[in-house]
Amino acid sequence: MMKNRRSLFERIAGAPYVAWSAMFIIAPLLFVLYFAFTDRNGSFTFENILSLTSYSQTFVMSLAFSLIATTVCLLIGYPLAYCMSKTSERVRGILMVLLMLPMWISLLIRTYSLMALLDNGGLVSTLLVKLGFEKLTFIGTDGAVILGMIYDFLPYMVLPIYTSLTKLDKRYIEASADLGCNPLQTLIKVMLPLTMPGIISGVTMVFVPSISTFYISQKLGGGSFDLIGDTIERQFQNAVTYHTGAAISLVMMILILISLAIMNKFSDNDEEIIV
Amino acid sequence: MKKKLIELRNVCKSFDDEPVLSNIDLFITDKEFVTLLGPSGCGKTTTLRIIGGFETPDSGEVIFDGQSIADVPPYKRNVNTVFQKYALFPHLNVYENIAFGLRISKVKEDEIRRRVKEMLELVNLRGFERRNVTMLSGGQQQRVAIARALINHPKVLLLDEPLGALDLKLRKDMQNELKNIQHKTGITFIYVTHDQEEALSMSDTVVVMADGKIQQIGTPTDIYNEPINAFVADFIGESNIIDGVMLEDYKVKFAGQVFKCLDKGFDKNEPIDVVVRPEDVDVVKPEDGMLTGVVTSVTFKGVHYEIIVDIKGFKWMIQSTDYVAPEATIGLFIEPDAIHIMKKSEYSNMFGDYSTFSDEMDHLSDIVEEDE
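Sequence order for the protein chains is C and B.
According to the numbering used here, numbering within the first sequence proceeds without interruption in unit steps and concludes at 275.
According to the numbering used here, numbering within the second sequence proceeds without interruption in unit steps and concludes at 647.
Please keep in mind that the hints were generated in silico from the structure rather than gathered at the bench.
No experiment lies behind these values; they were computed from the predicted model shown.
A portion of the hints provided could be inaccurate.
Just some of the chain B residues that point at chain C, by a computed CB distance under 8 angstroms [unchecked claim]:
1) Pro348
2) Tyr350
3) Thr460
4) Phe626
With a cut-off of at most 35 angstroms between alpha-carbon atoms, the simulated DSBU-like pairs for lysine-lysine come out as follows [claimed, not checked]:
5) B/Lys381 - C/Lys170
6) B/Lys488 - B/Lys279
7) C/Lys189 - B/Lys360
8) C/Lys265 - B/Lys360
9) B/Lys430 - C/Lys86
Here a beta-carbon is modelled for each residue, glycine too, at the ideal position from N, C-alpha and C.
With these hints in hand, go ahead and build the complete structure from the sequences.
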């Protein structure tokens, strides 16, 4: 009796989310599938998918950009998370607020202000010219777009790594030192493997938004950049190219799933990453 | 005289201005089995961690093999540790956990294989190579931890309450096994525990600690038979600790009676603490007793009865194989060699009266303590 009532409660409690995901996750996915494999008259076709070969360069570039951004985020984020986990409780709180602060501001505003900073005649270039450097253009370069990705998504790398580092039992570090590891060996042999779940969620949380971003490349790319995100956005802005847009979205989703599957290979078998 | 392997000289340590160790002087000789014994928070684990290099003393010297090692980090010390709760690496299997130290010191693969096999045999875990360490039982994890430490052939093995998490039966087995391993390998063991029985049965030398100070260092028999103060007498085994006065050499007065004893060298009429172990008291007829009292409780303990007797308001514990009825008046007979005299100390009058005694209290103190 008791058991039945509980399961009934569980079903009711879960219902809003089931309805939500059916409406806003499952249904849109089905629409994407439908549009990707139909033409304008609604009949089945592979045409959309096959036409994507002309976008292969965009795919490669998006992949490369987000991989670079993710790698740099990891290289900055891990040491930062490590230092944070080492500090005293009070300093830790301050660092945490500093890290979270940008996340309280809308991504659009953050990107926009970064654009203002990097613009010709913006703060950075003015400063560099004052210091005697040649006038440099940032907006529209690869570097600016990647910088934008790093700037916007770095906290998502640091937080999960930081969490897994603080949860890491100090005794493992001591045991490793006890068995002859210097601090670098301890990092490689013990800390990295034991914080791998944190690294993987960090990588996922940076890689996925990076590869699908369109706003960052639009603002910091100075209009000259076309990443997958931008392409998809453009396709959906007119009704004629809906089908191509859906096909690109579908391929990108598959691409992301493949990347995540590869990353899961790195983690322990028993710790699946939930995206 | 054996070689001093480790020496602590005047070591002090505090955490957040709270002194944890004060003026620890201790030396440990080669191939010795030393136990640091004391209640929770007495500083025994901190002492061990100082030897292991995980804590730095605020002052004082740590000397290893004739050299000061205060500034030597743990990974450069020829010491290995079996941690409380083992700290086995969860991302490595049994084989890789044990091989860890050898891989770090770049030992050749075939030698690693040989030595891991040897270690697994030593700790009775043959065939466990590929097992996941998180799936092992407490006792098995314990053995892996010992193998992981011993494979590096350390000069000293530090063991921090290694049997604390095991059940009683397994603990007894592991005590014997550890003793055997120590014998076979000839490595110096420094063992931390709060379990006095464990300390007495395994050690060559017992170091009793309380409140960040060493109370007494000695062989298990010394510590048991000649406790230096009321704390040690109470902590090691059961004791009746009574206020007394040393009238002259070999003559002591307590519980209103004068007794012959074997102790001397005290001042005339010096106040002292008298220790009488419960098993050293004979129960006799009231008229034959040196002391008489009323039995307040009797508990059957298997080997003996535990009898609490009220003698002039002071509750004595007596262990006897003969049953006596509660409420009965009995006589007590105490041989001179059953009486041990101790100087007064800060611990006088804190222990040794069984008026508040209950079995539950005993069990409570057995609960495994967390990190100090």
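Hints, verified against the model:
1. Pro348: 7 angstroms, holds
2. Tyr350: Status holds, d = 5 angstroms.
3. Thr460: Where the cut-off is 8 angstroms and the nearest Cβ of chain C is about 17 angstroms from B/Thr460, the hint is violated.
4. Phe626: Status violated, d = 34 angstroms.
5. B/Lys381 - C/Lys170: 25 angstroms, holds
6. B/Lys488 - B/Lys279: Judged against 35 angstroms, a Cα distance of about 21 angstroms means the pair holds.
7. C/Lys189 - B/Lys360: With a Cα-Cα distance of about 20 angstroms, the restraint between C/Lys189 and B/Lys360 holds, given a limit of 35 angstroms.
8. C/Lys265 - B/Lys360: Holds: C/Lys265 and B/Lys360 sit about 30 angstroms apart, inside 35 angstroms.
9. B/Lys430 - C/Lys86: OK: B/Lys430 and C/Lys86 at ~32 angstroms, within 35 angstroms.
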